[in-house]
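Chemist: Residues per chain are reported as follows:
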Amino acid sequence: KAGVTQTPRYLIKTRGQQVTLSCSPISGHRSVSWYQQTPGQGLQFLFEYFSETQRNKGNFPGRFSGRQFSNSRSEMNVSTLELGDSALYLCASKGHSPVTNTQYFGPGTRLTVL
Amino acid sequence: KQEVTQIPAALSVPEGENLVLNCSFTDSAIYNLQWFRQDPGKGLTSLLLIQSSQREQTSGRLNASLDKSSGRSTLYIAASQPGDSATYLCAVLGGAGNMLTFGGGTRLMVKP
Chain H
4 KAGVTQTPRY LIKTRGQQVT LSCSPISGHR SVSWYQQTPG QGLQFLFEYF SETQRNKGNF
64 PGRFSGRQFS NSRSEMNVST LELGDSALYL CASKGHSPVT NTQYFGPGTR LTVL
Chain S
0 KQEVTQIPAA LSVPEGENLV LNCSFTDSAI YNLQWFRQDP GKGLTSLLLI QSSQREQTSG
60 RLNASLDKSS GRSTLYIAAS QPGDSATYLC AVLGGAGNML TFGGGTRLMV KP
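First to last, the protein sequences are chains H and S.
Residues in the first sequence are numbered from 4 upward in steps of one, following our numbering.
Residues in the second sequence are numbered from 0 upward in steps of one, following our numbering.
Please keep in mind that the hints were generated in silico from the structure rather than gathered at the bench.
Each residue gets a CB set at the ideal place from its N, CA and C atoms; glycine is no exception.
Be a bit skeptical, because a hint or two may be false.
Derived list of chain S stretches under chain H, where covered just means 3 residues or more per stretch with a C-beta under 8 angstroms from a C-beta of chain H [what the hints assert, rightly or not]:
#1 4 to 16
#2 54 to 63
In the BS3-like style, the derived pairs of lysine-lysine whose C-alpha atoms are separated by at most 30 angstroms in a straight line are [stated by the list, open to error]:
#3 H:K16 x S:K41
#4 S:K0 x S:K110
#5 H:K60 x S:K67
#6 H:K60 x S:K41
#7 H:K16 x H:K60
#8 S:K41 x S:K0
#9 S:K110 x S:K67
#10 H:K60 x S:K0
Just need the whole structure built from these sequences, with the hints factored in.
Modeler: Right, here's the structure in full:
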């Protein structure tokens, strides 16, 4: 099985712009979660989607949004970019097994805001 | 609110040593605990997952234990190798949000 893929791998944007990141989960996985990783705050949960519905949301401003499509692919959007949004954005997919619940992470998208 | 702490933050050891990484969490109401490895600039690789009902899991030279009542987990790495150099993160799954809460990580350097 192919792993979790994320595109693009690197992005450079300027303040005030918006950006869309994409994540394709492992085939058969319907849960996709997004995390932000920064040197200062570490890994923080953004949101989780399951079957096209946002199931959980972390403590981030409304500029961060996401969606999931019927094929389980997910996108996250950040509007009005700020310098502090520079981070590695990771997505993870999870199967619906009641036994394992292992989250598998993609390679991440490195966003730099200038 | 769940808080996860990892000690030490950084560790440097000579090749061949056995070592222990520590993880503690404040809320024992968890579904499972996962240990991940992260190489610089890369994503996370899952190493071991321990369900809340389990006490330990083993994979090759890695052994992870879980003491849910005391809110602690350890990752034991036997006969360390330079290729083990990476940041090791523990994360717990639990709470109403069913989300992973991560520790700050332990940056491990194994010197040849």
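Chemist: Which of the listed hints are broken here?
Modeler: Result: hints 1, 2, 4, 9 break, sorted rising.
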